[in-house]
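Peer 1: These are the residues of each chain, in order.
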Amino acid sequence: MMQQEEKLRVSTEQLEGGLGLVAAAGYINNEGGQAIADAVNELVASGCRTILIDLEGTRIINSIGISILLEILDRLMESGGTMAFCNLTPTIARTFEIMGLVQYARIFPDRAAALAALGRDG
Amino acid sequence: MMQQEEKLRVSTEQLEGGLGLVAAAGYINNEGGQAIADAVNELVASGCRTILIDLEGTRIINSIGISILLEILDRLMESGGTMAFCNLTPTIARTFEIMGLVQYARIFPDRAAALAALGRDG
Amino acid sequence: MEVALTLPLVPDVELIAARAVQVMGRSLGMTDGELESVTVATVEACLNAMEHGGQTCFFVRVNTHREDGGPSLEVEIEDHGVGFDPQAPPRTSPSRILGCVAKRGWGLTLIRELMDEVDVRSRPGKTVVRMVKHVGGA
Amino acid sequence: MEVALTLPLVPDVELIAARAVQVMGRSLGMTDGELESVTVATVEACLNAMEHGGQTCFFVRVNTHREDGGPSLEVEIEDHGVGFDPQAPPRTSPSRILGCVAKRGWGLTLIRELMDEVDVRSRPGKTVVRMVKHVGGA
Ligand SMILES: Nc1ncnc2c1ncn2[C@@H]1O[C@H](COP(=O)(O)OP(=O)(O)O)[C@@H](O)[C@H]1O
Ligand SMILES: Nc1ncnc2c1ncn2[C@@H]1O[C@H](COP(=O)(O)OP(=O)(O)O)[C@@H](O)[C@H]1O
Numbered sequence: 325m326m327q328q329e330e331k332l333r334v335s336t337e338q339l340e341g342g343l344g345l346v347a348a349a350g351y352i353n354n355e356g357g358q359a360i361a362d363a364v365n366e367l368v369a370s371g372c373r374t375i376l377i378d379l380e381g382t383r384i385i386n387s388i389g390i391s392i393l394l395e396i397l398d399r400l401m402e403s404g405g406t407m408a409f410c411n412l413t414p415t416i417a418r419t420f421e422i423m424g425l426v427q428y429a430r431i432f433p434d435r436a437a438a439l440a441a442l443g444r445d446g
Numbered sequence: 325m326m327q328q329e330e331k332l333r334v335s336t337e338q339l340e341g342g343l344g345l346v347a348a349a350g351y352i353n354n355e356g357g358q359a360i361a362d363a364v365n366e367l368v369a370s371g372c373r374t375i376l377i378d379l380e381g382t383r384i385i386n387s388i389g390i391s392i393l394l395e396i397l398d399r400l401m402e403s404g405g406t407m408a409f410c411n412l413t414p415t416i417a418r419t420f421e422i423m424g425l426v427q428y429a430r431i432f433p434d435r436a437a438a439l440a441a442l443g444r445d446g
Numbered sequence: 002m003e004v005a006l007t008l009p010l011v012p013d014v015e016l017i018a019a020r021a022v023q024v025m026g027r028s029l030g031m032t033d034g035e036l037e038s039v040t041v042a043t044v045e046a047c048l049n050a051m052e053h054g055g056q057t058c059f060f061v062r063v064n065t066h067r068e069d070g071g072p073s074l075e076v077e078i079e080d081h082g083v084g085f086d087p088q089a090p091p092r093t094s095p096s097r098i099l100g101c102v103a104k105r106g107w108g109l110t111l112i113r114e115l116m117d118e119v120d121v122r123s124r125p126g127k128t129v130v131r132m133v134k135h136v137g138g139a
Numbered sequence: 002m003e004v005a006l007t008l009p010l011v012p013d014v015e016l017i018a019a020r021a022v023q024v025m026g027r028s029l030g031m032t033d034g035e036l037e038s039v040t041v042a043t044v045e046a047c048l049n050a051m052e053h054g055g056q057t058c059f060f061v062r063v064n065t066h067r068e069d070g071g072p073s074l075e076v077e078i079e080d081h082g083v084g085f086d087p088q089a090p091p092r093t094s095p096s097r098i099l100g101c102v103a104k105r106g107w108g109l110t111l112i113r114e115l116m117d118e119v120d121v122r123s124r125p126g127k128t129v130v131r132m133v134k135h136v137g138g139a
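For the record, the sequence lines run as chains A, B, C and D. Be aware that the first sequence starts at 325, since it is given in my numbering, and climbs by one per residue. Be aware that the second sequence starts at 325, since it is given in my numbering, and climbs by one per residue. Be aware that the third sequence starts at 2, since it is given in my numbering, and climbs by one per residue. Be aware that the fourth sequence starts at 2, since it is given in my numbering, and climbs by one per residue.
A few of these clues could be false.
Said to hold, decoys possible - Label pairs and their computed distance ranges (CB to CB):
#	chain 1	residue 1	chain 2	residue 2	range
1	B	A369	A	R435	31 to 39 Å
2	B	E355	C	A89	24 to 32 Å
3	A	A369	C	G71	37 to 45 Å
4	C	E3	D	R124	24 to 32 Å
5	A	N354	D	R124	25 to 33 Å
6	B	Q427	A	V426	53 to 61 Å
7	A	V426	B	A441	47 to 55 Å
8	C	E118	B	Q427	24 to 32 Å
9	D	F85	C	A89	51 to 59 Å
10	D	V83	B	E355	42 to 50 Å
For the record, the hints were derived by calculation from the structure and aren't laboratory data. Being a predicted model, the structure only gives us computed values, none of them experimental. The C-beta atom is built at its ideal place from N, Cα and C for all residues, glycine as well.
If we strip away everything but chain A, and leave its shape as in the complex, we get:
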C-alpha cells in the first residue's frame, strides 16, 4: 500500500571500527525521528561511537523529525561519539544547513564516500 511509501523504514548494521550504519527511507516526522533515535541508541549500546545515517529514499522531513535528530546528535557528542549523514536531497541538505546540523555532523554525498572517509579516520 502507499502507506509503506512514507512510513519510515529503518535498518541498522554494525560495521568494523565502532561504526554503526542506520539506513532510513520514508517520512522523517515525529515517529520517524523516534525510530532513527531508537536505532542509534541500540548501536551506541552495542559499542558504536561513529554513526552514519544514510537517507537514501527519504524525501520528506519535518522540523519535529529533524529536532529529534538534533537531540540524538547532542547526546552522541556528549558521550564523545560522532555522527555523519549521506544521500541527502538538496532540500534536506538545505534544511540541515538552516537548522545547524551541518556544523556538528559530517555530510557525504553517498555511502561509499562516507564509508571511505569514516573508515580512514576511525
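Based on the hints, put chains B, C and D with the ligands in the right spot on chain A.
Peer 2: Below, chains B, C and D with the ligands without anything else, positioned relative to chain A:
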C-alpha cells in the same frame, strides 16, 4: 521526490527459453500501462514468446491501465505467445479476476514460483 | 472527521484523493488490503468524474465513522456534469480475441466489487458516488 | 487551477497537502528539487496550523499560475485559531551541548528559506500563510 513513488518504473530482462521479464513498480495508469506495453513489445520483437510481468512494488492501478494490459495480452495471444503475472497484491489480484485477465494469463505468487513453472513448461 | 477536497482536472489529481483515503483509513486502523481496495475504488470514481463529468473540477469527501457496527470509511465523489443512468449496463467494448472479456467500462463494476456499500445518484448537473468500506469487514 | 482542501487534525494529514503540491507542481513542470522545497514548506505550515491553530480543521489551497514572470505555484494554509504576531522572533529552545543551535521553532524560518515569496497574516480567529515558488526560479 514523492513523484518517484508513483511514476511507474519499468525494467526488462531477457531470460533463457524465449522468456521475457518485465518488472513494474508504481502506479499503473494510462501512462504506466503504456510503459509496460512498450517493454513487452520490445521483448517480443527480440524473440520472447512468454512474458512474465512482476508487479512487486505496484500498489495502485486503474481500469485504464489494466485495459492496456488486456490489449497487450490480446496481441500476444494472437501471435501465439503467453503472459504471466506475479507478486499481485490481493486487491490487484481481485481486479484481474473481475476484469477477466486471470482467464488468459497465469498468476504466480512470486517470481521464483513463476520462473520455476514457466522454465519447466517452456 | 472529514477531509473535503475540490480537485481540478489535472493529470494524477486522483492521487490526492487516494492519499486522503489512505490517511483517513489508517487513522481508523484499516489493513493494507482494505486501504488498497478503497484506494482503487476511489481512483475509479475520480476518473469517471474527470472523464464523464466534463466540468473544470470535482469534489471528494472522505469521512470516518465509528458508530454502531464498528468503524467505517465513507468516500463521496461528486461532479456537476451531465449525469447518467446508474442502472444502465456499462457500454463495454469486447475484445476481438478474448471474446467476452471487455476492455473498458469496468469502473463502476470494480467499485461495487471492492467496496461494502455503493450508492450512485445521478441527474443532469449532479452525480454523487457514495461508497463505504467497513474496517475489519468482509 | 486550484486544489482546495479542508483537513481535520489526524496524524499525517499534512501528507494530503504534500501530495496536492506534488501533483500541481508537476503539472507546471517543476523540478524534483523545487517540488521537494515546496513540500517541506507546506508540511511545516500544516504542522503549525495543527499545533498552534487549535481548531478541529484547517484549510489548504494550492494554485498554479502561468502569468507574467513565468509559471509559479502558490500555497495558502489557513487556520481559524488564536493567531500570533508573525513579526515576533520564534521562541527557540537552545540545545545544552550544541549551544546556539535551537532544536525547535524552525518552521517559519524553513518556510521563508525554501520559498520565493512568503506572506503571513494573522489575527485572532484567522491565520493565513501564503507562499509562492517560481518554476525555474532561484
Ligand atoms: N460521473 C459520471 N458522469 C457521467 N457519466 C458517468 C459517470 N460515471 C460513469 N458514467 C457512465 O457510465 C459508464 C460506465 O462507467 P464505468 O463502469 O466507470 O466505465 P468507463 O468509465 O470505463 O466507461 C461510462 O461510460 C459513462 O457513460
Ligand atoms: N498557525 C499559527 N497559529 C498560531 N501561532 C503560530 C502559528 N504558526 C506559528 N505560530 C507561532 O509562531 C511560533 C514559531 O513558529 P515556528 O517557527 O513554525 O516554530 P515551532 O512551530 O516549531 O514552534 C510558534 O511557536 C507559535 O507560537
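Peer 1: Please go over all the hints and tell whether each is borne out by the structure.
Peer 2: Evaluated hints:
1. A369/B x R435/A: 31 to 39 Å: holds, 38 Å
2. E355/B x A89/C: 24 to 32 Å: holds, 30 Å
3. A369/A x G71/C: 37 to 45 Å: holds, 42 Å
4. E3/C x R124/D: 24 to 32 Å: holds, 26 Å
5. N354/A x R124/D: 25 to 33 Å: Holds: the Cβ-Cβ distance is about 29 Å, inside 25 to 33 Å.
6. Q427/B x V426/A: 53 to 61 Å: holds, 58 Å
7. V426/A x A441/B: 47 to 55 Å: The hinted range 47 to 55 Å holds for V426/A and A441/B, with Cβ atoms some 53 Å apart.
8. E118/C x Q427/B: 24 to 32 Å: holds, 29 Å
9. F85/D x A89/C: 51 to 59 Å: holds, 55 Å
10. V83/D x E355/B: 42 to 50 Å: Because 45 Å falls inside the window, the suggested range holds.
Of the hints listed earlier, there is not a single one the structure fails to meet.
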